[in-house]
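Engineer: Single-letter residue listing:
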Amino acid sequence: MKLSREEVLHIAKLARVGVTDEDVERLSEQLSDILANFEILQQVDTTDVPPTAQPNPLQNVTKDDQVAGSLPPEQILANAPKKEGEYFRVKAVLE
Amino acid sequence: MTAHRLTIHEAHELLKNKKLSSVELTRACLERVEEVEPKVKALVTLTVEAAIKQAEEADKRIARGDIKPLTGVPVVIKDVLCTRGIRTTCSSRMLENFIPPYDATVVEKLNSLGAVTIGKANMDEFAMGSSTEHSAFFATHNPWDLDRVPGGSSGGSAVAVATDEGIYALGSDTGGSIRQPAGFCSVVGLKPTYGRVSRYGLVAFASSLDQIGPLTKDVTDCALVMNAIAGFDNRDSTSVPQPVPDYTKALSNDLKGLKLGVPKEYFVKGMQAEVEEALEEAIKKLEELGTEVDREAALPSTPHALAVYYIIAPSEASANLARYDGVKYGFSYQEAGSMWEAMEKTRQYGFGEEVKRRIMLGTYALSAGYYDAYYLKAQKVRTLIRREFDQAFAKYDALITPTSPTVPFKLGEKLDDPVQMYLSDVCTLPINIAGVPGISIPAGFDGNLPIGMQIIGKPFGEEAILRVAYAYEQATEWHKQKPDI
Chain A
784 MKLSREEVLH IAKLARVGVT DEDVERLSEQ LSDILANFEI LQQVDTTDVP PTAQPNPLQN
844 VTKDDQVAGS LPPEQILANA PKKEGEYFRV KAVLE
Chain B
172 MTAHRLTIHE AHELLKNKKL SSVELTRACL ERVEEVEPKV KALVTLTVEA AIKQAEEADK
232 RIARGDIKPL TGVPVVIKDV LCTRGIRTTC SSRMLENFIP PYDATVVEKL NSLGAVTIGK
292 ANMDEFAMGS STEHSAFFAT HNPWDLDRVP GGSSGGSAVA VATDEGIYAL GSDTGGSIRQ
352 PAGFCSVVGL KPTYGRVSRY GLVAFASSLD QIGPLTKDVT DCALVMNAIA GFDNRDSTSV
412 PQPVPDYTKA LSNDLKGLKL GVPKEYFVKG MQAEVEEALE EAIKKLEELG TEVDREAALP
472 STPHALAVYY IIAPSEASAN LARYDGVKYG FSYQEAGSMW EAMEKTRQYG FGEEVKRRIM
532 LGTYALSAGY YDAYYLKAQK VRTLIRREFD QAFAKYDALI TPTSPTVPFK LGEKLDDPVQ
592 MYLSDVCTLP INIAGVPGIS IPAGFDGNLP IGMQIIGKPF GEEAILRVAY AYEQATEWHK
652 QKPDI
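First to last, the sequence lines map onto chains A and B. For the first sequence, my numbering assigns the number 784 to the initial residue and increments by one for each residue that follows. For the second sequence, my numbering assigns the number 172 to the initial residue and increments by one for each residue that follows.
Don't read these hints as lab results, they were simulated from the structure. It should be emphasised that the depicted structure is a prediction, and the values quoted were computed from it without experimental measurement. There's no promise every hint is true.
[Stated by the list, open to error] Below 20 angstroms or equal to it, Euclidean Cα-Cα: the simulated EDC-like pairs (lysine to aspartate or glutamate) are: (1) A/LYS846 to B/ASP407; (2) A/LYS796 to A/ASP806; (3) B/LYS420 to B/GLU220; (4) A/LYS865 to B/GLU452; (5) B/LYS435 to B/GLU452; (6) B/LYS440 to A/GLU822; (7) A/LYS785 to B/ASP588; (8) B/LYS551 to A/ASP831; (9) A/LYS785 to B/ASP587.
[What the hints assert, rightly or not] Now the in silico label distances, taken between C-beta atoms and shown as ranges: (10) A/GLU878 to B/VAL439: 47 to 57 angstroms; (11) B/TRP511 to A/ARG809: 19 to 29 angstroms; (12) A/LYS866 to B/THR173: 46 to 56 angstroms; (13) B/SER408 to A/THR803: 21 to 31 angstroms; (14) B/ARG494 to A/THR845: 22 to 32 angstroms; (15) A/PRO833 to B/SER408: 35 to 45 angstroms; (16) A/ASN820 to B/GLY583: 15 to 25 angstroms; (17) B/GLY256 to A/LYS785: 44 to 54 angstroms; (18) A/GLN826 to B/SER283: 23 to 33 angstroms; (19) B/ALA490 to A/ASP828: 47 to 57 angstroms; (20) B/ARG494 to A/THR803: 22 to 32 angstroms.
Even for Gly, the Cβ is constructed at its ideal location relative to N, Cα and C.
All chains should be modelled from the sequences, with the hints used to inform the complete structure.
Structural biologist: Encoded structure:
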């Protein structure tokens, strides 16, 4: 099964990754090749097998609430591409 | 000055006995960097002044008699680990100018011991790759043959150790990213049990698979670095609150009574004959050392591991890398008209091809209508793979496999064929899926190209694999061979 142009564009939109026509062409082939290698899993019987999200046996890890210092705003903002006062500046969300 | 050739434990003896200062050792490594770096390109950032300052501090500590095995010893850190005030790029345009405001826990631990950071090591962008060719800046070259890849994604770390730019290095391993380059460069590389080392400050790729570990010149050094970095950290809720043993106590020449399994499924179609022969020789050596080897150990789900990995890792990556939106830090495309356009262009230009491929793959596997068939199915098969390891470890103390099916391949050879590139990790990624520890150690050469042996242990069984690795190393000379560069 080859991923269609529409499917690749749909995934790119979900992932918020801009793509060129050339990218779509290449990705449709490469992703299809990779997905073909996944079909092997459909032959595996996983009836009554629970999924594993992570391999260690920890569950419900909690810790006490403790007041502790945090980084000052100027350090948090030091890497910001755009800032205004103590805020990250973003483009308008609602227009 | 040849001090750069020392191991950690050799350097420590000299530092302790005041026969060498940390500044001298650091300068020796920096001179070595100047000499070999133009050829191998292992480092993204060199921190000369900070290193000398750290070395001076270390010498003061040592003068006071305050010395631990890593005090004053130069290290190279993979550029995926946050270093406060030192840019941390993940070899990506996205983070080219990112300066973390905090240290990763492992970096904090090394600094508190008086370590000296030489620089940050090149890698495949966001640790996605097996050759270090996916760095957005430049490819790293294998010192054993400059036309070949060093492996990846911790290729810069492995090369830095192999060429003595640093005395040791830290890497990260999601599907083989410490072990495969260690094998390709003939150094020692350990991926600890999932949860053994804190991931706090490790830029996330696939959170249920990622672990930080050492790359070193020998097994003793590996144990020393593990002593320093392992342990619970309340800033990583997946780190396990289990006491850390003194790993150097596990190093023994005596392997009598140990049971080893060689899973036949790891000798895959397409495995290079020289690799298979080297492994057979290594296994014979392990038998001579008193182990009992079963060459018919069974891990029947192994052929499914590649598919499981390339569903789970990209899925987790697609979620983890959603944070790069051009707002809080990193590359940001400013010329866009709208918020969505800015985000899409930021990610289009900020990420390289392989990273975008994996984000797309993971997004697809998690998307409506495909989640059950891909992601959930992969998680279930992951359970089966883990169960098989548990069953194997009821019978064996450790498992032995090649680290990679081939010797280092040529630069460019697999760059345009992702599936072929992924196969390079076929022997290492099941270990991350199961969350167990694995170590790669030098086990021979094909001509002058290194071959690695992987030793796999049960969860928190680092001591057993270090013991096997140490005894083998003491009985062989492979680790003493250095690339002629």
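Engineer: Return the numbers of the hints above that this structure violates; sort them in rising order.
Structural biologist: Of the numbered hints given earlier, those the structure breaks are 3, 4, 13, 15, 18 and 19, listed in rising order.
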